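Student: Quick one: dock chain against chain with the hints and give me the complex.
Protein chains in written order, with the working numbering: chain A, 1 to 257; chain B, 1 to 264.
If you are wondering where the hints come from, they were derived from the structure by calculation, not from laboratory data.
Remember, predicted model here, so these are calculated numbers, not experimental data.
Hints are not guaranteed to be accurate.
[Said to hold, decoys possible] Cβ-Cβ distance ranges computed for the label pairs, FRET-style: (1) A:Ser25 x B:Val54: 18 to 28 Å; (2) A:Asp85 x B:Gly90: 28 to 38 Å; (3) B:Arg88 x A:Gly223: 33 to 43 Å; (4) A:Ser123 x B:Ala79: 52 to 62 Å.
[As the list claims (entries may be wrong)] Reference listing, derived: stretches of chain A covered by chain B, where coverage requires no fewer than 3 residues with Cβ under 8 Å from a Cβ of chain B: (5) 6-15; (6) 47-59; (7) 142-153; (8) 178-184.
Positions of the beta carbon are idealized from the N, C-alpha and C atoms, including for glycine.
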Amino acid sequence: MAAPPSLRDPLFEVEHLSLAYPGASNHSPVSILNDVSVGVERGDALVLVGPSGSGKSTLLRCLNRLVEPTAGRVQFDGRDIRSLDPRELRRRAALVMQTPVLFEGSVRDNLLVRPPDASGDFSPGRLASALLDVGLDPELLDRDAATLSGGEKQRVTIARALLGDPQALLLDEPTSALDPPNVALVAETVSRLRERYQLTIVAVTHQPDLVRRLGGGLLYLVGGVVLAYERADGAVSDSRLHAFLSGAQASPPTRHP
Amino acid sequence: MTASGAVLDLSLPQLGLALLLVGVIIAISIYQRLGIAGDAVVGTLRAMVQLYLVGLILAVVFRAARWYWVLLILVVMTAVAAQAATGRLGKPLPGGGVIAALALTVSTAVTLFYVIGVVVRVRPWYEPQYIIPIAGMILGSAMTSAALAGDRLQSDLRSRADEVEARLALGFSGREAVQPVVRAALRAAMIPTVNGMMTVGLVQLPGMMTGQILAGSSPLLAIKYQLVVVFMQAAATAIAAMLFVRLAVARYLTPAHQFTRSRL
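Just chain B, same shape as in the assembly (with noise of 0.2 Å):
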């Protein structure tokens, strides 16, 4: 796989030994009553069928190396993560499920063109190689931006419907008056991401960096793509999180600058 040839491949037999390991959580919920045992079965089964049909695909395009494969590989993901993104809101945003394709998309797209075009410098561009887990990991955390974004924003216009409404009676526009709610949910959305870069390395190594490494790169060459992929993520966060919040709050506001407050 890589110049210095030192990845073990697994057997499957070896795979199944791995397997094992999930028995311990099945174990201790049984013992302990947590009522996850059938949970963490079908997690078990999911995880295998959905990593050996990503697998299957991702060869197929990888020996192909077309354009158009790629592209509709994009696609997918990014319409699964912007339905992951609003999945899980309390009550569903109205338009939520375009609001969050169309910010995925914008951010998801300008970090990667950025990474692939500039930073990289990727020939051909749509290289499955690189292309597909960088996008893989730059919409990963666009979508989590906007699922905590959209979160904190709902449960804000919940919890502070009162004083969006003082602000209009005191004639702040609409935009002004959901001003400290956008603000406390784009901060929600991009302090796990700064937090991570305090402790990166520190306290686990990146999954990518780990798998560069396991892959035979030398550990200066994975930190210094895992550098990129922090950098471009903390990118991706910020640009999904704006987005996201901007049009998501649009929907509970009106023109004639009221706040809808019966949509929440």
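Chain A on its own, in the form it takes in the complex (with noise of 0.2 Å):
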């Protein structure tokens, strides 16, 4: 398993993780990860990969607590999460799913749902200015969420991510339900929204533009065991990366030192 290199200033902290389900009956455990450990600095950007079924998506809630590990520990911003209210770690920690979810209702509406207690600001204003973040016209305020294109929709729960003035983005594969126009646009979105707030990003993805975009570190998981680890920055190969995005890991990337 590669080791985390040494961080400055983490954000998150994954030491050994590790999760299982209960078999059915006469079964055994379903392991899901297995003593993964990796970190991500502040405002830095972390990028899972691996075959659909390798863990990613749990490794991604386990972060911000929506699914619970077995053994090992998350830290973010130093403490423990089990230490932290999930509901204000998942504030701080936003998730972007794969499916964009939208309520029904306007685009105002959505961008408003909100748990009562939540604070921050949802001025009119403010509203307009995250649409207009995520590339979106403010007009759309008022459009009925159900009329938007897949690409409108996702732009839309990413904007209300961002109002919650999280530390970090979570994307579980934000753009895999999206045709390559809104591919490029989400990608785009996301990389310019990650410089002008410094967001950490924990992306899952098997788009090679996004990962580029992103740099940051490139954590490849296989079978919910970390594989590689390596930085995206100039470093990993076009060809390697892609063959691996592209799910043929009959050939995985050499362990890294």
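Tutor: And the structure:
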């Protein structure tokens, strides 16, 4: 397993994380994650890659404690996440899901979907600027959310995540349900927002474009096990990344020191 | 049986003639190859055996009129109803039997206490002629309600899992995140009862009222009892659905506001 490089100012530290679901009667437990360790610097990006079923989405959901690991721990901003209120943690590390979930009502209604005790600025001006942030026209605020295109919906969910002023964005294949022009738009949006708000980003993706735009660390997961960790900034060869992202894990990347 | 003595007793040959009516469903099933002729035969036999057994037991209990016999019968009825309420769920609900038993016991006990003790004022409270049929009707409503609510809860938690997760990810508590699903399940359980109140008497005469009229009661007395029955069934439906859904949905949530999808 790749040892996590020592971090100067980590936002996330994942230490020996394992997750297994109890198997059906007479079956052994199903291992989803096995002794995963990785860290993310504040303001940096980490991309989780690997074939489907390798535990990427589960690992992502362990970071905001939507999923509880069976062993190991996750630290957020220097604290074990089990010592934080999960609701507060999830506001600070906002998740964008693969299939955009929009609720009944207008785009405005959707941006305003908040827990009763949520703090933050949800003024009309802020909502409009949140839409501009993700490249959408503020006139969309009064549109019925159901009439938006797939790409627009995904960008609305990103805007909704940003309105909580998170420190981190957790992206679970944010572009996999989109067509190529929208993939590029969302990838561009994410990397621009990261710059503007110094967001820490952890992303599960199969899109080489998004991986390259984000840079940062690349964690190769297969069967819940870390196969390799490397920096994506220039060091990663395009063909190797491409082979891996397209699921050709027959030739996995070599372990990095 | 009643003061008016208007009840015609049925002889066994007459019951045999009634049995011929079942032949219609069996004949149509065979003719149209519906494949339910076997079930219809089994259902017919079960109906005869079950009702005769119940009749025999009730005859004994009515004669003895002891509170502990009545209580025993109520417990058995509740256990059967709890089993039936969760038996047909798509995937077994973890701890479903206990949850159903609790929801049915509480909803029935509360409603029964009010109807027997406050409304009808039966003395003694365990007078079998009143408490057993009334408890049966309350339990029937509570059972249907819990079954409808449970079924809707499970299917909606499955189909709307992303929605629940999205709410959790936005910082909602587990309870807040499932509230729309809970509401849908409660509506599914209660709407048939509310709709039933709209049409009662217009489309068909309720079974109890029919029975009372057949047994010689005046229709005006029968409707008064029927109104009590309709109202108590509405209350039992609501209490059972609420308790069942609240307890059941908690099986899919953790104290850390997590939604355990894998249990669905």
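Student: Which earlier hints turn out false for this structure, listed by number in ascending order?
Tutor: Hints 1, 5, 6, 7 and 8 contradicted; others consistent.
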